[in-house]
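As a plain string of letters, each chain reads:
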Amino acid sequence: MLLIYNNPDAMTSLPKDELDGIFGTVDAIMSELRERGELLGGQALAHPSQTKTVRMIDGAIATTDGPFVEAKEQFAGTLLVDVEDEARAVEIARRWPDASYGAMEVRAIMDDGGEV
Amino acid sequence: LSEPVEDLLRRLAPQVLGVLVRRHGRFDACEDAVQEALLAAALQWPREGVPENAYGWLITVASRRLTDELRAESARVRREETVYLQDVEPDAPGHDDTLTLLFLCCHPALSGPSQVALTLRAVGGLTTAEIAQAFLVPEATMAQRISRAKATVKKSDAGFAAPAREEFDERLRAVLQVLYLIFNEGYTSLRRADLTAEAIRLTRVVHRLLPNDGEVAALLALMLLTDARRPARTRPDGSLVPLDEQDRSLWDREAICEGAALVERALASGPLGPYRLQAAIAAVHAEAASAEDTDWREILALYELLERVAANPMVTLNRAVALGMARGPQAGLELLATLEADDRVSGHHRFYAVQAHLLELAGEPAREAFLEAARRTTSAPERRYLEERAASSSRRSRP
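Protein chains in written order, with our numbering: chain A, 1065 to 1180; chain B, 379 to 777.
Don't read these hints as lab results, they were simulated from the structure.
The beta-carbon is built from N, C-alpha and C at its ideal position, and this holds for glycine as well.
Careful, some of the hints might be misleading.
One side of the interface only, derived from the structure: several residues of chain B facing chain A at Cβ under 7 Å [what the hints assert, rightly or not]: (1) Pro486; (2) Gln522; (3) Arg526; (4) Thr566; (5) Ser567; (6) Leu618; (7) Pro620; (8) Gln624; (9) Leu628; (10) Ala758; (11) Glu760.
All chains, please: the whole structure from these sequences, using the hints.
Now the structure itself:
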């Protein structure tokens, strides 16, 4: 799974042609993943201001507004791919625009198989 | 003849496809046509009964679909060309194209996952939906993978013929690797047992077509001997039971007998290949009445041979276990140390699991190694097992 991090407010202040370039790159990568049979799914997340955080505070479960961590770069979405190896996943992450503006994290998924 | 419709269709699928491809070329279009014919049969036969000549029926229906498809295509490119299909002989020509199909599906131009998907569909007769389900991916993703694989086969201009003599062995190795990959997908997953049965079925077909090939026989044996342990390798709650703790009375004796006999015959034929050695190792485990009775010296000798014919760090890792069991944990740990610089294996959870196991045998603290292995595996049941071992290991070493 590719975790996408970016600064949501910085993105909106980019000039139009730069934004168009970003969306163009995203579209190109998505159709490549679809065409190669690698795309399993993905989800873009709404602006972090639309977040509720639920956690234990003073022995009781409390719900607060806003993300768990107040950081400039926020978790913005996921991209789920089934690729041949880690190198291919990293390659996709490197080309994804948020690698240049925020950060991408490549995480392995757990499965139910195994052998001990 | 009361063979279930589904089994009959799976058995006939590659033969029907073979006939069509031999007559018309166009593997991609033929494959689609055969899938449609299989689907029609799966809907019709259980209701109306299996036709007397099921093979001929499938060829006729698939040929008709292919004609329609090719006609539509010619119309599209505005060619005034009629595609003429000759009538199909009612009887099977006694010629089996399954092997040729397998070579095509495991073509070196295809990636591993594409080879697997195409083999299951074109040779195994599985639908795209079934394959997608087996690999836990959306059907659209699997459909793309298959159509991409077919396009690659088309582009590579691979003719429908067995590979030339000088590349036969290499191409057969690729086929066996794909079959073993399908088996392992099924075996290591608790929810995808169907894939092991399918891999065994396909390997049986190859063994029937190449009965004198020792590696093919050995791969079949390896699958049977491994799969025989299935009933003992998990607890009802889904947790994994290591080999030395398995209840051996649950092992499938019939599969072990068949596998052991195959190994014995395969070992007598020709130079020892990697599947023969792996199958021989599996047979030694299968034939030990208890974990304590395991002939680790024999297993060690086999791993030494295996390393000579197919050197790879995972084999060395397994040899370290055998060495530890046969000559004491210190010898195993020393061999393990030589792998530390090899990044193909030193970052792998198995490296740390083996280290932990050997440390524990040596009476040394193993908790850290178990935890490191647990951190690195992507298998949920393995992680659970390794974390439990880490916990019990720290309990034991507490003063």
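Do the hints match the structure? See the list:
For proline 486 of chain B, the shortest C-beta to C-beta distance to chain A is roughly 15 Å, which exceeds 7 Å, and the interface hint is violated. The interface hint given for glutamine 522 of chain B holds, since its Cβ lies 4 Å from the closest Cβ of chain A, which is under the 7 Å cut-off. The closest approach between the C-beta of arginine 526 of chain B and any C-beta of chain A is roughly 6 Å, which is under the 7 Å cut-off, so the hint is satisfied. Proximity of threonine 566 of chain B to chain A holds as hinted, the smallest CB-CB distance being about 4 Å (cut-off 7 Å).
Interface hint at serine 567 of chain B: satisfied, since its Cβ lies 4 Å from the closest Cβ of chain A, which is below the 7 Å cut-off. Given hint, leucine 618 of chain B at the interface with chain A, holds; its Cβ is 5 Å from that chain's nearest Cβ, closer than 7 Å. This hint holds: proline 620 of chain B has a C-beta 5 Å from the nearest C-beta of chain A, less than the 7 Å allowed. Nearest Cβ of chain A to the Cβ of glutamine 624 of chain B: about 11 Å, over the 7 Å cut. The hint is violated.
For leucine 628 of chain B, the interface hint is violated, since its Cβ never comes within 7 Å of a Cβ in chain A; the closest pair sits about 16 Å apart. Interface hint status for alanine 758 of chain B: upheld, as the beta-carbon distance to the closest one in chain A is roughly 5 Å, under 7 Å. At a threshold of 7 Å, the smallest CB-CB gap from glutamate 760 of chain B to chain A is about 4 Å, leaving the interface hint in force.
When held up to the earlier numbered hints, the structure conflicts with 1, 8 and 9 and fits the remainder.
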